[in-house]
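Chemist: Here is what each chain is made of, one letter per residue.
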Amino acid sequence: MIASQIQDGLVLTKRSLLRIPRVPETLMFATIQPILFVFLFAYVFGGAVPIPGGGDYKEFLLPGIFVQTVSFATATTAVGLAEDMSKGLVDRFRSLPIARSAVLVGRTTADLVLNVFIMFVMTICGLLVGWRVHTDAAHVAEAYVLIALLSLAMSWIGALIGMSVRSPEVASSAGIIWLFPVTFVSNAFVPTQHMPGWLRVIAEWNPVSSFCAAARDLFGNPNPFLGDSLPGRHPVAVSWAWLVVLFVVFVPLAVRRYRLATSR
Amino acid sequence: MTHAIEVEGLVKHYGEVKALDGIDLAVPEGTVLALLGPNGAGKTTAVRILTTLLRPDAGRAMVAGIDVLAEPARVRPLIGLSGQSAAVDERLTGRENLVMFGRLYRLDKATATGRAAELLERFGLSDAATRVVQTYSGGMRRRLDLAAALVVSPPVIFLDEPTTGLDPRARADMWEVIAELVAAGSTVLLTTQYLEEADRLADTIAVVDHGRVIAEGTADELKARIGGETLEVVVATDDELPVAQKVLASVSGSEPVVDRHTRRVQVPVGTGVAALVETVRRLADEQVTVLDVALHRPTLDDVFLTLTGHAAEDADSSQPAGTAAEVSS
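Going down the list, the sequences are from chains U and L.
The first sequence begins at 1 in this note's numbering and counts up one residue at a time.
The second sequence begins at 1001 in this note's numbering and counts up one residue at a time.
Chain L extracted, bound-state conformation (with noise of 0.2 angstroms):
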């Protein structure tokens, strides 16, 4: 299969701060790929690189089969670039914008006239096409930033962070476009602080960690690396915890964990809702009142803080890369 993107060994550092500590990235064309990481992963620094706005330290980069670092020139037209490291200007109106970005491609007035009203129609900014940007909301301006990137149809698009500060409607909004954009046959490769949106919108998820890739698969290879599911139990007294704790590791085959302060009982399951029927059978059997009983699907949120020993809420990008897998091991 061709790869629309291909990544060796890309290292970037700031001074003392390795923003890409040597990554490695295929894409296959037409599938989409999530760089999926907390602030100050990499992505932002990847993305950037792929886009010909800064050059590698050291690595080998290609897109659309050309190399980056050798011919950006060549690599431009064959590129969108929408989100965080890209902009709209905010004193032109939506129509200005996007014809203006049409002549930039190097399309004559007619056709980029057109091409810009039938982006606005598609991405429902009609009826805003003659207001200046400045008056759009969050969602509507992502929308017309993504419609940016996209008026020559380019084979492949960079997303960083396309929906970063968006409530949630504005956000299932812009999933849909870009779903839709995926269906085209774009080949797609998407930044992403977000599990959710990784797991919604991408074929392959690389989950990137102070300038590494620490893991790479689908979203159900990611979860699966955790084991299964997870089944859960809270029980009404303290007296009932050693029973459950018996109960759940006679079932699952492993040792439960026993939270005594909650009174709840977590252990990993293979066999997800056998065994929760199965639980709650014996447990009736021995007359445990259970207040609350639960099988959780791992989140991508599980396998973030599985694969870094950290949620990816608390990566700090100051922290030098190491500490983390440390923590893990």
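With the rest of the complex left out, here is chain U (with noise of 0.2 angstroms):
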């Protein structure tokens, strides 16, 4: 039985891995954005922020930057799930005897896959501004790890606005527009001590700063001091927590939403 629902999982994954090479402009635009913002952070903010504690901006940046990326995961998977439901693709998929998580893992899995290349193109081009890691394999592999998670577990929360919108003209819309605040009310890519207080609270609870700083802490960058609380002192044990919560509440949420989803 479990076999039989890893297998459907599979089988779709696969059929989205199909889709990409198809639409290339969305692998293109996938990457081209993340390339951008490197670029364009690591060069016209680069002098112009102070790392408090000392250190490169461009160091402090990148870990940032990879976060803030996989969150736009979020967009993908919405617009993608948006798509097969108006297409009535996910009519078809609900009417065969598959694992009611099936499709919903597919794209979500496919998604990763993508997710991990765009972040290997993004080390690319950290490492040719000068981005370095600092610590040993075990470390830097938890972050990357870590950052895939955070991923995926975006993927998810872009499962169900993709199945809640119906139209992907809406997906594309509502899987990113929030995502602004909450990446930039953080510590991805300035310090939070600048920040007037009540927004540095905001930042300091804020999940993206903890993967940031987590990721900080494990690459050995520049990372500076978060804050006095839970989050500010523990990013690494906050961060899988926060995983752990995400991947609990949202993926039976979008399960859920499958189930019950009808085209019109």
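There's no promise every hint is true.
To be verified - Pulled a few chain L residues facing chain U out of the computed Cβ check, cut under 7 angstroms:
#1 T1051
#2 L1053
#3 R1076
#4 P1077
#5 L1081
#6 A1087
#7 R1091
#8 L1092
#9 M1100
#10 R1103
#11 L1104
Stated by the list, open to error - List of simulated lysine-lysine pairs, DSSO-like, C-alpha gap at most 30 angstroms:
#12 U/K87 with U/K14
#13 U/K87 with L/K1018
#14 L/K1018 with L/K1223
#15 L/K1109 with U/K14
#16 L/K1246 with L/K1223
#17 L/K1109 with U/K87
Just so you know, these hints were derived from the structure itself, not from any lab.
The beta carbon of each residue, even a glycine, is placed where N, CA and C say it ideally should be.
Could you use the hints to bring the two separately framed chains together as a complex?
Modeler: As structure tokens, then:
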């Protein structure tokens, strides 16, 4: 039973992966955006943002860009699923004797593969602008796994959005618009030290900040003190906890939404 | 006789709109039932409930002897769905689509690949097997869509408006494919807005309007309900109209309908060609100049008009149920 559920998920993962090279624009724009961010932030803000405690802005920036970029996986997943809904594909899948989670597992896994590729491209760009890691392989690996799992969790949020809004056009804005405040009111691009007090508290507790701080810790990059709170003191542990919470909340919600989904 | 599909009192409301207002259906194994009705009559809603996609507000539905509402997961391996309610992946090739659906029906890789090749061949898509579906014509896409529903030869097949939007040639091809399927013994529930399609493919036709079955029977039975054929005569001058009217009344035994503007006289006849010959002979005796004479077999359009009081094209889903019935009575 479990084996066949996994197989359903794999068959549908393969389906989504087959689609990627057939719509090269998707891959192109998904990759260009983070590349642009790396270069724009590194060179435009680079000199203007002092890092409390010292350190190079580019080294500070890269983990932030990683986290911000994979967060936008939400939109990719939301649009993909909304498209399947509007075309009637979801209806066909729902009429098949397959696991109720298979369509979502297939889509989110394929989007994870896409994001791992994008992380690879970003790593190259980062190395080009002067980003380096300063820890051992185990810590670097943990950082990458943490970011990859964040991308998967964000995809499941996207799955819920995609199954709820029904039209790909709405999904593309609904999947992205809330991510701007969420990723910008954090320590992703600038240290929180210069924010007004109330905003700083929000940024401190923002999960995006935890992931950025965790990645900086694990890569050995400049990591300005986030705050005296729990996420400020233990960003890595808090990030893992956030992952558990995101999966436990959003996987069942998305699957439930899928079971009830109907295109009309 | 065992029924492959049994439906009792199915109700589905969307807010104020009654998509289904208590439908009963029974489809014997190995036969074809056509749900015939205009857009918004509730046909697709019925299909969506029977294929486990939608839960009704009330009623009971059995497919292949299994309760659809209680055990949807046991129904799914036994059904195939194609048409308006389902789709294939446009970015995949025809073969990739069929292999994927085969794998999702839990066929192993070799079997799924073999079955895909077999279906592509049977539906005339072998040459297009490695092309993405996006490049397919409407007819090819529908055939692939149907093939996807037949990957495991399910005993019960649902075809939701399988030819809507196809050109006449592609429609004829599709009819041939469906007819073969039926000959092979599958039970098929087909929805259509095309009266000709129901006539051609179905053993039984259920006419659906405003979420209710308003008539059910074979095409011939339904046609018989509006009384055989219609004899129609067009005369050359207004003066000849009363004579023609008298002749037709005497031949048919009922009162003809006269359209003065087009000088057309119409009357239902029970005796078909005999009545036609008799009428022409008597009009000739009376020296009436006949411009046109015709014997119309009733079409299902006539049936629809008679049953609902509105033509199939005029139906409006937002119209409250009951209005149409009042018009016809």
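Chemist: Taking 7 angstroms as the limit, does the beta-carbon of L/P1077 come near enough to a beta-carbon in chain U?
Modeler: holds, 4 angstroms
Chemist: Is the interface hint satisfied for L/L1053? The criterion is a beta-carbon contact with chain U at less than 7 angstroms.
Modeler: Status holds, d = 6 angstroms.
Chemist: Within a Cα-Cα threshold of 30 angstroms, do L/K1246 and L/K1223 meet the stated pairing?
Modeler: holds, 26 angstroms
Chemist: Does L/A1087 meet its interface restraint, that is, does its C-beta lie within less than 7 angstroms of any C-beta in chain U?
Modeler: Holds, because the Cβ-Cβ distance from L/A1087 to chain U comes to roughly 4 angstroms (cut-off 7 angstroms).
Chemist: Against chain U, with CB atoms and a cut of 7 angstroms, does the hint on L/R1103 hold up?
Modeler: holds, 4 angstroms
Chemist: Under 7 angstroms, Cβ to Cβ, is where L/R1091 needs to be relative to chain U, so tell me if that hint holds or is violated.
Modeler: holds, 4 angstroms
Chemist: Mind checking the alpha carbons of L/K1109 and U/K14 for me, to see if they're no more than 30 angstroms apart?
Modeler: holds, 13 angstroms
Chemist: Would the pair L/K1109 and U/K87 pass a check requiring their Cα atoms to be no farther apart than 30 angstroms?
Modeler: holds, 27 angstroms
Chemist: Given a cut of 7 angstroms on the nearest C-beta pair, is the interface hint for L/L1081 held or broken against chain U?
Modeler: holds, 4 angstroms
Chemist: For U/K87 and U/K14, compute the direct alpha-carbon distance and say whether it is at most 30 angstroms.
Modeler: With a Cα-Cα distance of about 19 angstroms, the restraint between U/K87 and U/K14 holds, given a limit of 30 angstroms.
Chemist: Using the nearest Cβ pair, does L/M1100 come within less than 7 angstroms of chain U?
Modeler: Holds: closest Cβ of chain U sits about 5 angstroms from L/M1100, inside 7 angstroms.
Chemist: With the threshold set at 30 angstroms, check whether the alpha-carbon distance from U/K87 to L/K1018 stays at or below it.
Modeler: holds, 25 angstroms
Against the hints set out earlier in the document, no violation occurs for any number.
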